[in-house]
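Peer 1: As a plain string of letters, each chain reads:
Protein chains: 2
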Amino acid sequence: MDASSPFSNQDSPWLPFESRRRARDEKREAVLRTAVALFLEQGYHRATLNEVAKRLNITKPALYNYFRGKDEILFECWAIGNELVDECIAETSAGGGTGLDKLRKLTVRYAELMTADYGKSLVRFDLRDLSDDNRKIVRNAKRRIDRAFRDYIAQGIADGSIKPCDPKLSAFAIAGSLNWIGHWFQPGGAMSGRAVAEEFAIRLTEGIATTSKKKADKPPRTGNASREETREHHTRTAARAAGQSKRARGRLR
Amino acid sequence: MDASSPFSNQDSPWLPFESRRRARDEKREAVLRTAVALFLEQGYHRATLNEVAKRLNITKPALYNYFRGKDEILFECWAIGNELVDECIAETSAGGGTGLDKLRKLTVRYAELMTADYGKSLVRFDLRDLSDDNRKIVRNAKRRIDRAFRDYIAQGIADGSIKPCDPKLSAFAIAGSLNWIGHWFQPGGAMSGRAVAEEFAIRLTEGIATTSKKKADKPPRTGNASREETREHHTRTAARAAGQSKRARGRLR
DNA sequence: TCCGTATATTACCCATGGGTAATAAATAGT
DNA sequence: ACTATTTATTACCCATGGGTAATATACGGA
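Here the protein sequences line up with chains A and B, keeping their order. Just so we're aligned, residue 658 is where the first sequence starts under the working numbering, counting upward by one. Just so we're aligned, residue 658 is where the second sequence starts under the working numbering, counting upward by one.
Simulated from the structure, these hints should not be mistaken for laboratory data. Keep in mind that a hint or two might mislead.
Put simply, identical chains are the same to the list, so a pair is met inside one copy or across any two.
To be verified - In the BS3-like style, the derived pairs of lysine-lysine whose C-alpha atoms are separated by at most 30 Å in a straight line are:
id	residue 1	residue 2
1	K825	K717
2	K825	K711
3	K717	K727
4	K711	K684
5	K684	K717
6	K793	K820
7	K799	K825
Here the structure is a predicted model, which is why all the values come from computation and not from measurement.
All chains, please: the whole structure from these sequences, using the hints.
Peer 2: So this is what it looks like as structure tokens:
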């Protein structure tokens, strides 16, 4: 009725009777795009590799040219999301400002990530579906993200931009609220991902900020923490090749 | 042993039947306690009914004396958690106070629920594992919970205890943060569930409250929103019998 | 004591879906 | 064009685990 039609899936490099000569990495990424969408849509266990393949106009065994197995696909989806978060943290840390400034900056970007597929995969996939090695990698990455939030809060307390509080619990509270976005946000809604992100950034930090800015009431200052680039989900492929962890590049023969 | 029968005498031919039924319900609940723990520990799909049975020193088919199938067990676990939340909401709504008072009261109780198994089941189980009918029930219940948060916020804005804000987004932010507790809290940690709950209640409401109470700094006023009873996870059995929804009482023969 | 019911067990069925082997088709290099 | 390599397909294996049928056992009631 839908996915099997030759007219849907216009972005599949395997369109029948189409030139099948495309870079291997593009196909890999196409698999991941399809897989992450399906995993989110149906849940990892209900989603089958047959269905992933079907949506790409190929058959299941073809997937094994690019991945060792289902759990590796899951991990790679997660890894892409993780790289996006890492970029957020790196850029936020690189930029200046008070602890509160950084916290807000990270909050906005992280929130917006949670409204997109790869971001959602960070919070909706289950660690226990991964291999032991990959599970360790993910756990460490989660800790790094948590530390970023805590560090910014601690820094804010130190520089006086944030009220004294327990950084650990405050980070949990903020990150929890943001992570939950990945569970309820759906693109078709009334607010865009960007809008939700900016709203949340204000709401979640106003409680602990020392200066109670009324940024929300009118838009005289949109803030400098949200206008820069956020629009390159592509050209990330090269960066991934330098990823920190063992991520097999397809089946090694 | 309880109040299920006024006469513990042999002149009541109902006593044996009653005690039998009670024994049955106790076994039912034992299954649910074991199942919810296992589902949380391993995830619904990895957890097997064989393992549930094994932990109860019985075998898998014995479970089918009490439940129609795995997904019904999942639903019943969820239903118990939902009743606990319903009690929170009912009591909070019954009690007086400003919108902010009620919001805080609900926040404390809800947070503490999230630190226990049945509470966690509300946010960690996947709707899509349920039958269509049960899924509808759960969805409606989730909406009711969301509405409670929104109503209290709206009420608080109306009575001046809460700053003007979007009730919908604020409710999402608060509930999200609370729900996330169900994902990270583990009993063995440094803080008790109660302690986490009270911390969160303060942190999550201080941002939108008009009066910035410093409840956290010293304990001159512990607040009336946290001392009353919260300690009856038992004797809930009878209340469940009057539950709002089709919940089969074991296999009907 | 004997019957009927509730409850448990053993032994099975079988749909599902991840994964693999053998092989065919396309592509690149010479 | 011939060959090696990559990439896809068809046809299959099989472990897993939910669910069921047949049956045994415990127990209350007469």
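Peer 1: Now tell me, hint by hint, if it's right for this structure.
Peer 2: Status of each hint after checking the structure:
1. K825 <-> K717: neither (44 Å within a copy, 43 Å between copies)
2. K825 <-> K711: neither (45 Å within a copy, 39 Å between copies)
3. K717 <-> K727: Cα proximity of K717 and K727: in one copy and across copies (11 Å, 29 Å).
4. K711 <-> K684: Close inside one copy (14 Å), not across copies (45 Å); limit 30 Å.
5. K684 <-> K717: For K684 and K717, only the intra-copy Cα distance (14 Å) is at most 30 Å; the inter-copy one is 44 Å.
6. K793 <-> K820: Neither, since 34 Å and 43 Å both go past 30 Å.
7. K799 <-> K825: both (14 Å within a copy, 28 Å between copies)
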